[in-house]
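Assemble the complex: chain C is given as a structure, and chain R must be docked to it using the hints.
Protein chains in written order, with the working numbering: chain C, 1 to 61; chain R, 1 to 49.
Just to be clear, a hint being listed does not mean it is correct.
Unchecked claim - Capping the alpha-carbon separation at 16 Å, the derived lysine to aspartate or glutamate pairs in EDC-like fashion look like this:
#, chain 1, residue 1, chain 2, residue 2
1, R, K5, R, E15
2, C, K42, R, D3
3, R, K5, R, E17
4, C, K42, R, E13
5, C, K5, R, E17
6, C, K11, R, E13
7, C, K42, R, E15
8, C, K42, R, E17
Hints are computed from structural coordinates only; laboratory data are not their basis.
So the chains spell out like this:
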Amino acid sequence: MIYGKMWLVVKPSVGVPLIIAAVAVASFSVHLAILNNTTWVKAFLNGNADKVAVSAPAAAK
Amino acid sequence: MSDHKVWPTGLTEAESEELHRHIVQGTQFFGMIAAFAHLLAYIYSPWLK
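Bound conformation, chain C alone (with noise of 0.2 Å):
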């Protein structure tokens, strides 16, 4: 298997929680920033998505 040798040089007690260290960092860090750059994420969570996000410009203004 490709790059099945990696462990041969990576310590697997390293190497194994920094992949699924980096996977969870990266997965977090992509939705937490869709949740702070768009509406419609935080407006949907809220329930009723529709009715926030139809009111949600009116009430700003």
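Frame of chain C, contents of chain R only:
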């Protein structure tokens, strides 16, 4: 012969390949669940609509 050589990480080539198979399999499993979750998000949320 070389199969029994223990490398600095304490693994042999066979052990390294076995561990890697499990990691790749785990990645594929995670990826499939993530893809399914994104499909559900696409269907049931206002995402991309």
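Status of the hints after comparison with the structure:
1. R:K5 / R:E15: Distance ~11 Å between K5 of chain R and E15 of chain R Cα, so the pair holds.
2. C:K42 / R:D3: Between K42 of chain C and D3 of chain R the Cα gap is close to 55 Å, so the pair fails against 16 Å, i.e. violated.
3. R:K5 / R:E17: holds, 14 Å
4. C:K42 / R:E13: violated, 49 Å
5. C:K5 / R:E17: Given that 16 Å is the threshold and the Cα spacing comes to 6 Å, the pair holds.
6. C:K11 / R:E13: Judged against 16 Å, a Cα distance of about 13 Å means the pair holds.
7. C:K42 / R:E15: violated, 47 Å
8. C:K42 / R:E17: Distance of about 44 Å is beyond 16 Å: violated.
Checked against the numbered hints given earlier, the structure breaks hints 2, 4, 7 and 8 and satisfies all the rest.
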